[in-house]
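Q: Take a look at the letters that make up each chain.
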Amino acid sequence: MNEKNRLTAAVVPCSAQPLLFDETLCAGCNRCVEVCQVDIMIPNPEKGRPPVVLYPGECYYCGSCVMECPVDRALRLQHPLMNRAKFVPARG
Amino acid sequence: MSQYDWPYKDEFGAVETMESEVLVLGGGIAGCYAAIAAARRGKSVTLVEKGAIVRSGSAGSGFDHWEVACTNPCSQVTPKEIAEAYIEEQDHYSNGIAHYIECREGYDRLLDMEAFGGKVRDTEGEFKGAEFRDDDTGFLFAYDYKNKFFMRVWGSTFKPALYRELKRLKVRLVERTEATALLTAWVNGKKRGVGAVGMNVRTGKLCVLKAKATIMTMSRPARVWLFNPDLVGLCEFRPPQSIGSGHAMGYRAGLEFTMMEKSVRGEFSAAGRSFPPYGAGNNHNTWYAATMVDARGVEIPYVDRDGNVLKTVSERYQPASGQKFFLKGGVIDEAKYDWRGPETMEFDELMKRGYQLPFYADLSKMPEMERKVIWGLMVGEEGKTKIPILQNYTERGFDPEKHMLQSYGSGWQSASFLDQERQLFGAPGGIFHDWDLKTNIDGIYAAGDQLFAADCCGFAASTGYYAGRKACDYADTVQLTEPDREEIQRERNRLYAPIYNKEGMGWKELNMAISKAMQNYCGGVKCDDLLQEGLNLLDSYSEEIVPQLSCRNPHDLMRTHEVLDILEVSKMILNACLLRKSSSKPLCFQRSDYPETDPQRDDHFITIRQEEGRVIRGDVPHGYYGDVEEGYLEHNRDYVQNEGGRGNE
Numbered sequence: 050m051n052e053k054n055r056l057t058a059a060v061v062p063c064s065a066q067p068l069l070f071d072e073t074l075c076a077g078c079n080r081c082v083e084v085c086q087v088d089i090m091i092p093n094p095e096k097g098r099p100p101v102v103l104y105p106g107e108c109y110y111c112g113s114c115v116m117e118c119p120v121d122r123a124l125r126l127q128h129p130l131m132n133r134a135k136f137v138p139a140r141g
Numbered sequence: 003m004s005q006y007d008w009p010y011k012d013e014f015g016a017v018e019t020m021e022s023e024v025l026v027l028g029g030g031i032a033g034c035y036a037a038i039a040a041a042r043r044g045k046s047v048t049l050v051e052k053g054a055i056v057r058s059g060s061a062g063s064g065f066d067h068w069e070v071a072c073t074n075p076c077s078q079v080t081p082k083e084i085a086e087a088y089i090e091e092q093d094h095y096s097n098g099i100a101h102y103i104e105c106r107e108g109y110d111r112l113l114d115m116e117a118f119g120g121k122v123r124d125t126e127g128e129f130k131g132a133e134f135r136d137d138d139t140g141f142l143f144a145y146d147y148k149n150k151f152f153m154r155v156w157g158s159t160f161k162p163a164l165y166r167e168l169k170r171l172k173v174r175l176v177e178r179t180e181a182t183a184l185l186t187a188w189v190n191g192k193k194r195g196v197g198a199v200g201m202n203v204r205t206g207k208l209c210v211l212k213a214k215a216t217i218m219t220m221s222r223p224a225r226v227w228l229f230n231p232d233l234v235g236l237c238e239f240r241p242p243q244s245i246g247s248g249h250a251m252g253y254r255a256g257l258e259f260t261m262m263e264k265s266v267r268g269e270f271s272a273a274g275r276s277f278p279p280y281g282a283g284n285n286h287n288t289w290y291a292a293t294m295v296d297a298r299g300v301e302i303p304y305v306d307r308d309g310n311v312l313k314t315v316s317e318r319y320q321p322a323s324g325q326k327f328f329l330k331g332g333v334i335d336e337a338k339y340d341w342r343g344p345e346t347m348e349f350d351e352l353m354k355r356g357y358q359l360p361f362y363a364d365l366s367k368m369p370e371m372e373r374k375v376i377w378g379l380m381v382g383e384e385g386k387t388k389i390p391i392l393q394n395y396t397e398r399g400f401d402p403e404k405h406m407l408q409s410y411g412s413g414w415q416s417a418s419f420l421d422q423e424r425q426l427f428g429a430p431g432g433i434f435h436d437w438d439l440k441t442n443i444d445g446i447y448a449a450g451d452q453l454f455a456a457d458c459c460g461f462a463a464s465t466g467y468y469a470g471r472k473a474c475d476y477a478d479t480v481q482l483t484e485p486d487r488e489e490i491q492r493e494r495n496r497l498y499a500p501i502y503n504k505e506g507m508g509w510k511e512l513n514m515a516i517s518k519a520m521q522n523y524c525g526g527v528k529c530d531d532l533l534q535e536g537l538n539l540l541d542s543y544s545e546e547i548v549p550q551l552s553c554r555n556p557h558d559l560m561r562t563h564e565v566l567d568i569l570e571v572s573k574m575i576l577n578a579c580l581l582r583k584s585s586s587k588p589l590c591f592q593r594s595d596y597p598e599t600d601p602q603r604d605d606h607f608i609t610i611r612q613e614e615g616r617v618i619r620g621d622v623p624h625g626y627y628g629d630v631e632e633g634y635l636e637h638n639r640d641y642v643q644n645e646g647g648r649g650n651e
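If you read the protein sequences in the order shown, they are chains A and B.
Quick note: the first sequence uses my numbering, first residue 50, plus one each step.
Quick note: the second sequence uses my numbering, first residue 3, plus one each step.
Wrong hints could be hidden among the right ones.
Label-pair ranges, simulated between beta-carbon atoms [what the hints assert, rightly or not]:
no., chain 1, residue 1, chain 2, residue 2, range
1, A, Pro119, B, Asp232, 29 to 39 Å
2, A, Glu52, B, Arg166, 41 to 51 Å
3, A, Glu52, B, Asp640, 50 to 60 Å
4, B, Asp350, A, Arg98, 54 to 64 Å
5, B, Arg616, A, Ser64, 42 to 52 Å
6, A, Pro94, B, Leu420, 42 to 52 Å
7, A, Arg98, B, Cys76, 43 to 53 Å
8, A, Ser64, B, Pro623, 45 to 55 Å
9, B, Glu546, A, Asn51, 10 to 20 Å
Quick caveat, the hints were computed from the structure, so don't treat them as lab data.
For each residue, glycine too, the CB sits at the ideal point set by N, CA and C.
Model the full structure from these sequences, guided by the hints.
A: This is the structure we're talking about:
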């Protein structure tokens, strides 16, 4: 067998931005990293900063990360633009 | 592009061996209940989960209703009549054993859940006075308010409650670890499950899991026909983790499957045609029975099974005159006449009568309690709704008292898929089993979506617990058996190969190729030549492409393993399709070379398994499990006497 590849991580971008961290509110506790079953984030190498979303395209949009986040509005989850269903005022 | 060092330990080459009496593969609802059943019986239990158990699996973030809790104190139906209705409804391509277990023991598991700290009743009186609330118990019911066997629950509290209970019972939890292979041994001339192999998906460490009995609860295959490399997580209804690895490793080990020829035209793929489940206006499942209006704001009539227009919202939740009960929910789309519930008037009829698109769900026109229970409880407690739907839409300004939500495509799928865009959905194929939920290999059990014709959360909980206790009985009769070292070494080499390839193909390219092949060779209309061509192409991928796969960290390696499993499962599906030489309506299976539909000679389960690389066919009559109530009682006297499952005596 060859020599094993050096383990590296690089952000794999996609057309959407499922997770938006507010840097002023997020304390970098990484509870979202630990709860995500799809494991799309890694802890930020700089302690205290928001996690790095390595695999945004793999997000399952379940919202467990936001449910786990201890700080209100530090982390937001949003579906891709195309998935935001339209609503209008009720009639009659 | 930002590069980072891999943040977790590099443990490639390390092996950890763990021994337990009962091993559970998969930590969703079924797996958690299986582990709890075994731990309650004093067994040493190991539970292996690819994600983090507290929120993993299809119901990790929640679910909104518990189906067929027939033995709850308000229920007006018996487990037997509901189980038999499901069997008939699905033209006997149904899992009679598992459905009966669900109907008989589902309520016991709900009470367990309450004991663990999950919320199953309206303790605060939020819905006091509502027609669907029983004031003595605080239970909330869905769909059929008269018969009260579908229960509305606060599913977002369930996985954390199960997780706490597993820890309290000291179940060994092996998280962030994918199960990749079953280990088997020949003992006294018979094949037996002796454990499994797994890999830590953050560190690459190999786990050898020895056990007396193994329970498989690893969901069902996905990304077989539908794949989108950009938005992988939205391709299918279930989480990207739930990919059918249990089916793949089972097939490799010689487990017997059935109904694998069944696939349905796509229903959900929010990476493409459809909207997020429950996120567009509709009146099905979570949203039943929302008021629907057309573009002019004119209300769309609900009708009973005889076509009579219903005048009130309340009537949408009542059986028709002369009908005992009706079925709705998970796998029930358009029920047969006997069990058909109220539904909006048929689309074609609406067009004839001048109703205009687009349609909307208009909760503002519903009584307050019905509105609140749909938008707030059902949409909120169902998986993938609390944050991405309820919270986000509210932030965007949606107010159910003032707004109506647009409906797209046909019905609750919110899209119209092409015939070749298929999914394993609506009670698809899976592991074939006996009354003990035992597979054809001794010591290996299965539950939840891993079983054939499975459906929802109550099904997962009740079959999981049941498999857990049956596995314990078996574990009492055997000793731990040493697995074959060469088998483990072969699995290690298979798993690690892509991390040693410097250059090569990424997993997404292979997944794309498989999905395209399945659309081309295993689409809506099938024939022998097409299916053979498909197998031929997939075999060439196994021989030529798989050795070229390459990746750079354990996470990508996990995804690569998933695609190897998708490849395995796709071949099983093609082979299963080749075995059925006729068309079948209930199996959504159409052959151009054998157009005869559901001839008597083929009106039974066809099973498939592998033996030394050869496909072995089996033929089993639909009613192989006998009378469901008698079969259950015969196999569960101890449980009925000591624990539950008493029916509504």
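Q: Out of the numbered hints, which ones does the structure contradict?
A: none
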